[in-house]
Amino acid sequence: MQEGLTQQIREKARELLTSAAVDCIIGYERASDGLTARPLFAYEPNDVDKLIFDQTCTHNLSRFLVDKRDSTVAIVAKPCDSRAVNLLLAEKQIQRERVYVIGVVCPGIVEATWGQINDRLQARCQLCREHTPPMYDFLVGEPTAEEPPVEPYHDVAELEAKSVAERQSFWAEQFARCIRCYACRQACPGCYCTECFVEQLDPQWVGIRVAPAENEFWHIIRAFHLAGRCIACNECERACPVNIPLSLLNRKLEKDVLELFAFRSGLSAEALLPLATFKKEERLGMGE
Amino acid sequence: MIEGYQPKIIGFLCNWCGYAGADLAGTSRITYPANIRVIRVPCSGRVDPLLVIKSFQQGADGVLVAGCHPGECHYVEGNYYTRRRFALLHPFLEYLGIEKQRFRVEWVSASEGKKFSQLVSSFTEELAKLGPRREA
Amino acid sequence: MTQIISRQDLLSWLERLIGERIVIAPAQSNGLVLFQRVSRAEDIVLDFDNTVLSPKESFLPLSEVLFTVAKENGDIKLMPATVAEEMVLFGLHPCDAKGMAVIDQPLLAAPADDLYQQHRARTTLIGLACSQAGPECFCTSMGTAPDDPSNLDILLTRVNDSYIVQATTEKGKALLPSDLIAQSEVTAPPPPSPQAVPTEGIVEVMRGAFESPYWSRLADRCLHCNLCAYVCPTCYCFDIRDYVDEGGIERVRSWESCQSPGFTRLAGGYDPRPTKGARLRQRFYHKLSYFPEHFGHLGCVGCGRCVRYCPVNIDIREIINDIQKLGAQSEC
Amino acid sequence: MNAENPFIPYLATLLTTADLTPDTKLLTVELDDPDVRDRFDYQPGQFAILSAFGVGEAPFCLVSVSYRGRQLEFAVRRIGTVTNALHDLEPGVKVGVRGPFGNYFPLEQYKGSNIIIIGGGIGMAPLRPVVNFILDHRADYGDLLIINGARTPQDLVFAPEFDTWAQAPGSRLELTVDRGDAGWTGREALVPDVVKELKPSAENAIAITCGPPIMIRFTLIRLKELGFTDSQIATTLEMKMKCGLGKCARCNVGDTYICQDGPVFTLEQISKFIEQF
Chain A
0 MQEGLTQQIR EKARELLTSA AVDCIIGYER ASDGLTARPL FAYEPNDVDK LIFDQTCTHN
60 LSRFLVDKRD STVAIVAKPC DSRAVNLLLA EKQIQRERVY VIGVVCPGIV EATWGQINDR
120 LQARCQLCRE HTPPMYDFLV GEPTAEEPPV EPYHDVAELE AKSVAERQSF WAEQFARCIR
180 CYACRQACPG CYCTECFVEQ LDPQWVGIRV APAENEFWHI IRAFHLAGRC IACNECERAC
240 PVNIPLSLLN RKLEKDVLEL FAFRSGLSAE ALLPLATFKK EERLGMGE
Chain B
0 MIEGYQPKII GFLCNWCGYA GADLAGTSRI TYPANIRVIR VPCSGRVDPL LVIKSFQQGA
60 DGVLVAGCHP GECHYVEGNY YTRRRFALLH PFLEYLGIEK QRFRVEWVSA SEGKKFSQLV
120 SSFTEELAKL GPRREA
Chain C
0 MTQIISRQDL LSWLERLIGE RIVIAPAQSN GLVLFQRVSR AEDIVLDFDN TVLSPKESFL
60 PLSEVLFTVA KENGDIKLMP ATVAEEMVLF GLHPCDAKGM AVIDQPLLAA PADDLYQQHR
120 ARTTLIGLAC SQAGPECFCT SMGTAPDDPS NLDILLTRVN DSYIVQATTE KGKALLPSDL
180 IAQSEVTAPP PPSPQAVPTE GIVEVMRGAF ESPYWSRLAD RCLHCNLCAY VCPTCYCFDI
240 RDYVDEGGIE RVRSWESCQS PGFTRLAGGY DPRPTKGARL RQRFYHKLSY FPEHFGHLGC
300 VGCGRCVRYC PVNIDIREII NDIQKLGAQS EC
Chain D
0 MNAENPFIPY LATLLTTADL TPDTKLLTVE LDDPDVRDRF DYQPGQFAIL SAFGVGEAPF
60 CLVSVSYRGR QLEFAVRRIG TVTNALHDLE PGVKVGVRGP FGNYFPLEQY KGSNIIIIGG
120 GIGMAPLRPV VNFILDHRAD YGDLLIINGA RTPQDLVFAP EFDTWAQAPG SRLELTVDRG
180 DAGWTGREAL VPDVVKELKP SAENAIAITC GPPIMIRFTL IRLKELGFTD SQIATTLEMK
240 MKCGLGKCAR CNVGDTYICQ DGPVFTLEQI SKFIEQF
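Residue numbers (numbering that gives the first Met the number 0), protein chains in the order written: chain A, 0 to 287; chain B, 0 to 135; chain C, 0 to 331; chain D, 0 to 276.
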């Protein structure tokens with residue numbers, strides 16, 4: 000356990016709660032398996048000692064900010080999580096003065112399932128180059144220098160290189176397992192629509208039938224609705240009970256957004272999102 | 000080429016250019032294949048990816064979005080958003096196994112009846128070569 | 000005297016069954032063990048903690064057509080769906096078999112759900128006693144056990160590299176391969192002992208805890224997906240809608256969960272259970288209070304899947320412990 | 000109900016549709032199969048689940064009384080996908096009927112009591128069969144007071160029957176609207192205020208009410224002020240339903256299934272619900 004990080008977070012949390020600067024701290028506590036972590040909502044100072052930070056704190060806590068938008072909260076944010084805060088600010092879903100961000104210089108999160116940890120870093124962390132959060136109100140841990148970039152889209156490129164038939168059967172096999180539990184949607188800070196298109200009945204885009212065609216429809220549009228917004232925290236893939244490789248969908252769009260619009264999501268709270276703006280003279284290969 | 004296979008195309012034509020171009024083709028006796036089912040939209044910017052995917056899911060073999068040339072949009076910037084949106088959706092569909100030839104975005108002005116007719120003919124031919132998207 | 004079958008004979012028996020009928024068994028799929036239709040006996044996984052999803056999918060499918068509406072020259076005919084093929088569900092643990100018994104009570108109560116009843120009638124259950132208990136299992140606290148043969152047609156219990164065969168119903172006996180079964184003196188190894196959970200008097204204690212803020216605090220971290228309900232062997236809520244395509248009109252029934260936004264929302268928008276806390280509370284009150292009051296035993300079988308797969312670790316055992324403490328505090 | 004397969008509806012033909020209010024229609028339906036038609040017996044308060052094939056099905060209270068003829072009547076307000084589909088149906092089209100479901104108003108027990116009917120908007124629909132039942136067995140019951148309110152005069156349901164209700168012996172009809180219009184000469188007040196104004200006696204009386212939740216809440220306060228006990232007040236609850244058979248666990252409020260234990264409850268029963276409704 001990163002002792003230093005946990006101590007600093009607890010002290011800042013106690014200070015914020017006792018001074019009533021915030022109504023609650025959204026952080027992490029030990030889960031019921033005694034190994035992994037789970038989100039904690041600390042309302043009173045004596046809850047503060049449950050707060051922890053270590054390499055199992057995988058959840059993107061900014062997911063809870065829209066639910067708590069009517070109160071003032073502090074959240075513990077890893078670099079990717081804080082980019083999701085920027086996304087919510089850029090999309091006017093939360094007010095900056097009602098969110099106190101305790102940024103954490105991230106040691107990287109390990110792969111874990113309930114009751115089991117292994118020491119391999121999660122795929123997103125192996126690719127991660129920004130260990131210091133781009134935005135925070137208080138920083139925990141020593142900022143580290145940027146590491147040399149690594150090819151972040153090798154798995155996407157691999158799938159792109161395959162033939163159409165191979166890709167068709169690959170995705171058909173993945174989507175066939177989907178049980179439409181929507182854990183991927185509910186785990187995502189970017190999915191805050193009051194009524195999701197997949198549950199709309201009038202018009203009924205998808206409907207309630209769970210079948211290959213409907214599952215394909217769901218996954219295409221879910222991923223596309225996050226194009227230029229997703230910050231690749233991979234919580235959707237981690238929440239999926241049947242291991243559908245959702246990050247392969249999200250990061251394909253992330254790669255294309257980078258190439259087409261030279262844009263990365265969540266780096267600033269004032270950013271204009273790529274599909275909500277344009278450049279008159281840009282050439283994008285459509286209809287040319 | 001499968002014997003007797005007629006590809007189904009869903010065409011979202013923007014009212015001011017695409018649709019007007021198709022109209023012009025009609026009034027000037029320029030024929031184009033009947034494979035296209037035309038859906039008129041106020042602007043190509045109105046075409047939501049939901050409409051494109053729903054068309055494919057309901058059995059379309061090809062989807063066409065025809066709007067005004069960039070800079071000539073009746074609503075000034077509608078087709079700029081269309082251009083970005085589908086520049087992103089197009090490779091994404093390819094990535095998911097919907098061949099890129101099945102989804103086309105074209106700029107057809109109200110005076111380009113000929114271009115519209117050639118566009119629909121070439122699209123139909125290409126889809127006929129490709130075969131149905133889903134085994135019937 | 001006990002009846003046993005060697006591992007090899009078991010596989011050849013299963014191969015024989017595959018030739019006669021549909022066989023659904025645990026099999027590998029992208030690194031997961033899932034109940035799937037198998038075409039070869041060696042695809043079947045025999046040693047596993049538990050599958051990701053419960054086998055309820057074989058009786059209450061994720062999506063199923065209840066009936067189709069056919070229009071013939073202006074006249075309408077309703078053609079109910081039927082289940083024709085015989086099936087074997089192999090490899091379910093006793094907790095999942097108890098899950099079937101839980102779901103049977105509401106769905107087979109008169110007037111019985113005809114389609115579900117047909118699935119159940121056409122299917123023979125060949126269970127596999129657990130050789131080890133997962134860290135999240137707690138079936139013995141929920142009225143079943145790792146070697147409980149009830150609710151099954153046949154129970155296989157592993158001993159060294161063969162299996163003790165207990166056929167508990169006529170259906171099971173009819174399926175036994177007498178040519179492959181030997182008599183033996185060997186006795187079953189002691190069953191594993193999963194963790195215990197204090198369920199004594201939980202129904203009454205739950206009644207007292209309804210207004211407690213415990214539920215809304217617990218719901219803070221809940222994501223409100225349908226995962227816990229969909230992996231659960233005892234959740235049976237469903238939704239019904241019509242589908243129209245060239246083939247005609249189909250009335251489709253699909254899984255639904257009390258956590259989804261539209262579960263209790265009336266047309267027009269009024270929702271008597273609008274908050275996260277109220278919805279999460281509904282899940283645990285249905286399993287630990289309402290179901291027992293209606294049908295006499297808890298609506299949970301202790302398989303631990305919701306504990307293992309919940310992305311934010313909403314752990315029903317922890318909740319039962321917390322509620323018991325809450326109950327104890329309010330008494331003194 | 001179709002006992003072999005309770006999810007398969009009986010086929011029925013939509014005979015007529017009549018506009019009760021701008022957004023509510025009275026659908027008259029006749030079951031196709033003659034012996035199903037004879038067996039389909041129901042009491043005031045029970046409901047059926049209507050299918051608009053191609054869209055889905057939804058529960059509606061039966062507003063007709065079974066002994067007055069074999070046709071089933073439903074008051075359907077255009078508010079969701081199924082109701083929209085039902086409103087667009089032309090007479091002669093086939094629909095599906097499942098049921099009858101649920102319990103019913105214990106009119107047998109209410110014999111000899113004075114009855115106060117308090118309906119709000121579309122809430123008057125489930126009370127109409129109760130009124131008609133009482134008028135058809137007038138001697139069995141004491142005084143009948145009907146308070147029927149709505150937002151505007153056009154929203155008052157079953158207006159064509161107001162005269163027969165008002166002129167029936169020993170019965171009194173009081174109408175009210177939130178906002179009147181040019182032709183409206185009657186009362187402009189909220190239903191609970193009318194209850195307060197008329198002060199019906201709680202002595203040997205039963206109050207039956209149905210309407211939007213806000214109206215029910217204040218009507219109950221007024222009735223309590225007048226001395227009505229919880230067991231003297233009955234209502235019919237509306238909840239999302241999918242099966243009507245106590246199987247899909249969707250309509251439960253606490254451990255009560257509205258589709259089987261209800262939809263008719265006394266206030267005494269409702270107050271025991273563990274979950275506020």
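Fair warning: there could be bad hints in the mix.
Below, a list of computed lysine to any residue pairs in the SDA-like style, where the Cα atoms sit at most 20 Å apart [unchecked claim]:
{"id": "1", "chain 1": "B", "residue 1": "K53", "chain 2": "C", "residue 2": "E249"}
{"id": "2", "chain 1": "C", "residue 1": "K76", "chain 2": "D", "residue 2": "K24"}
{"id": "3", "chain 1": "D", "residue 1": "K271", "chain 2": "C", "residue 2": "E292"}
{"id": "4", "chain 1": "D", "residue 1": "K24", "chain 2": "C", "residue 2": "A266"}
{"id": "5", "chain 1": "D", "residue 1": "K239", "chain 2": "C", "residue 2": "K76"}
{"id": "6", "chain 1": "C", "residue 1": "K170", "chain 2": "C", "residue 2": "S149"}
It is worth saying that the hints were derived from the structure and are not from the lab.
Find the hints from earlier in the document that the structure breaks and name them by number, from lowest to highest. Going through the list in order, the structure violates hints 2, 5 and respects the others.
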